[in-house]
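The chain contents come next:
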Amino acid sequence: MTRLFTPRGLWNEMTGADRAASGVILAVAGVLTLGLRAPGEPARAVVRVGGDVVAELPLDRPGTFPVPVRSGTVVLVVEDGAVRVSESSCSGKVCIAMGAKDRPGDLIACVPNALAVRLEGRPRAGDREAPDSIAR
Amino acid sequence: MTARIVARLAVLIAVAATLQIAEGLIPKPLPWLRLGLANGVTLLVIVRLGAGAALGVAVARVVMGGLVLGTFGGPAFVLSAAGSAAAWLVMAASWRRLAPPLSLLGVSVLGSAAHVAGQLVALGAVLGVGRGVLALAPVLAATAVPLGLVTGAVILAVHRRLPPWEIRGTLAPSSDR
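Top line first, the protein sequences correspond to chains E and V.
Under our numbering, the first sequence has 129 at position 129, and the numbering climbs by one with no breaks.
Under our numbering, the second sequence has 86 at position 86, and the numbering climbs by one with no breaks.
Careful, some of the hints might be misleading.
Over the 10 Å line for every Cβ pair with chain V, so calculated as not near, a few chain E residues [unchecked claim]: (1) E56; (2) R61; (3) P62; (4) F65; (5) G72; (6) V75; (7) V78; (8) G81; (9) E87; (10) S89; (11) D102; (12) G121.
Have a look at the derived ranges for each label pair, beta carbon to beta carbon [to be verified]: (13) R160(V) / A20(E): 19 to 29 Å; (14) A27(E) / L89(V): 15 to 25 Å; (15) R70(E) / A10(V): 27 to 37 Å; (16) R61(E) / R131(V): 21 to 31 Å; (17) P100(V) / G81(E): 46 to 56 Å; (18) V59(V) / L4(E): 26 to 36 Å; (19) R96(V) / P66(E): 45 to 55 Å; (20) V59(V) / D60(E): 46 to 56 Å; (21) A10(V) / G81(E): 50 to 60 Å; (22) W11(E) / L98(V): 16 to 26 Å.
What the hints contain is simulated information worked out from the structure, not anything from laboratory work.
Keep in mind it's a predicted model, so treat the numbers as computed, not measured.
C-beta atoms are modelled at their ideal positions from N, C-alpha and C, and glycine is treated no differently.
Hey, can you work out the whole structure from these sequences and the hints?
Below, the structure written as structure tokens:
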């Protein structure tokens with residue numbers, strides 16, 4: 001019984017199908033890791049609160065940006081071509097723990113505040129110029 | 001439904017809600033990691049009392065957890081509900097159709113992965129980023145496997161040590177798998 005909680009004991013307890021199912025999930029994780037690498041350089045951090053875009057922050061312009069959210073304020077910091085959450089009025093602080101993001105497609109989420117920061121590539125020709133401050 | 005079943009379900013709901021609340025409060029190296037013991041209770045009930053009872057326990061637990069943690073109705077509650085519902089669905093279906101060859105451990109891993117998937121879908125909807133949430137999928141899917149195994153091992157140990165639950169009435173007795 002106690003052997004169940006050692007790696008070998010756990011492995012021995014698993015059926016072939018258990019191992020296969022675990023392997024498939026790990027493989028999916030690997031494929032997603034490789035498949036999600038978007039080309040190009042991230043140009044801006046698109047900030048959403050409750051699904052609505054409230055700001056687009058160019059990553060080449062360092063600064064500190066307070067974003068009003070339902071529980072108070074989330075402070076975003078842009079520096080060294082990356083964006084991170086430095087302060088948040090949420091309970092879990094998961095958003096702060098997610099650290100600095102600098103690759104296209106990267107996402108910072110603060111669930112209690114319904115805040116998302118997603119890194120996107122440079123706007124294509126014809127796109128309107130992205131505002132560089134809180135748009136609301 | 002006998003008094004024995006009512007009492008048993010009440011205890012299970014209390015245990016599941018307590019585990020859910022406790023897991024949110026315990027300091028962790030990565031704050032979004034959850035061992036998933038509350039979902040483990042869902043699995044234990046699927047195995048011992050059936051999928052219907054497990055759904056009831058899961059719904060009551062999610063609501064209680066939301067009320068105690070103050071997230072009820074908010075984005076975090078939506079994620080909790082979506083993850084728990086997906087985990088219940090996948091674990092109930094796989095325990096019924098795929099075990100064997102899957103054991104309780106494999107069903108737990110599938111439930112853990114389903115919990116992540118359900119949360120990601122809800123996250124994409126709540127945050128308005130849609131498929132953008134896939135950026136979080138690799139690390140979540142990878143951690144779902146070891147966390148699902150550990151949760152499964154705990155539930156397997158509990159299942160083996162508990163005496164059989166004598167069930168009369170509408171809830172079917174479990175096999176001794």
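Now for the hints, and whether the structure bears them out:
Distance check on E56(E): its Cβ is at least 14 Å (rounded) from any Cβ of chain V, clearing the 10 Å threshold; non-interface status holds. The claim that R61(E) is not at the interface with chain V holds, since no C-beta of that chain comes within 10 Å of its own (minimum 22 Å). No beta-carbon of chain V is positioned within 10 Å of the beta-carbon of P62(E); the least distance is around 23 Å. At roughly 18 Å from the closest C-beta of chain V, the C-beta of F65(E) stays outside 10 Å, upholding its exclusion from the interface.
Distance to chain V confirms G72(E) as a non-interface residue, since its nearest Cβ pair spans about 14 Å, more than 10 Å. Listed as outside the interface, V75(E) is consistent with that label: its C-beta sits roughly 18 Å from the nearest C-beta of chain V, beyond the 10 Å cut-off. Residue placement check: V78(E) keeps its beta carbon more than 10 Å from all beta carbons of chain V (closest about 18 Å). Every CB of chain V is more than 10 Å from the CB of G81(E) (nearest about 18 Å), matching its label as outside the interface.
Non-interface status of E87(E) relative to chain V is upheld: no Cβ of that chain comes within 10 Å, the nearest being about 15 Å off. The claim that S89(E) lies off the interface holds: its Cβ sits roughly 14 Å from the closest Cβ of chain V, which is beyond the 10 Å cut-off. The Cβ of D102(E) lies farther than 10 Å from every Cβ of chain V, with a closest approach of about 13 Å, so its non-interface assignment holds. Every Cβ of chain V is farther than 10 Å from the Cβ of G121(E); the closest lies at roughly 13 Å, confirming the non-interface assignment.
Between R160(V) and A20(E) the CB atoms are about 24 Å apart, so this pair conforms to the stated range of 19 to 29 Å. The given range of 15 to 25 Å is respected by A27(E) and L89(V), whose C-beta atoms sit roughly 22 Å from each other. The hint said 27 to 37 Å for the Cβ distance between R70(E) and A10(V), and at roughly 34 Å that hint holds. With their beta carbons about 28 Å apart, R61(E) and R131(V) fall inside the hinted range of 21 to 31 Å.
A hinted range of 46 to 56 Å holds for the C-beta pair P100(V) and G81(E), which are about 52 Å apart. Distance hint check: the CB atoms of V59(V) and L4(E) are about 30 Å apart, consistent with the given range 26 to 36 Å. Remark: the range hint 45 to 55 Å for R96(V) to P66(E) is upheld by a beta-carbon distance near 51 Å. Between V59(V) and D60(E) the beta carbon distance is about 49 Å. The supplied range of 46 to 56 Å therefore holds.
Distance hint check for A10(V) and G81(E): the Cβ-Cβ separation is about 55 Å, which falls inside the suggested range of 50 to 60 Å. Between W11(E) and L98(V) the beta carbon distance is about 20 Å. The supplied range of 16 to 26 Å therefore holds.
Checked against the numbered hints above, the structure breaks none of them.
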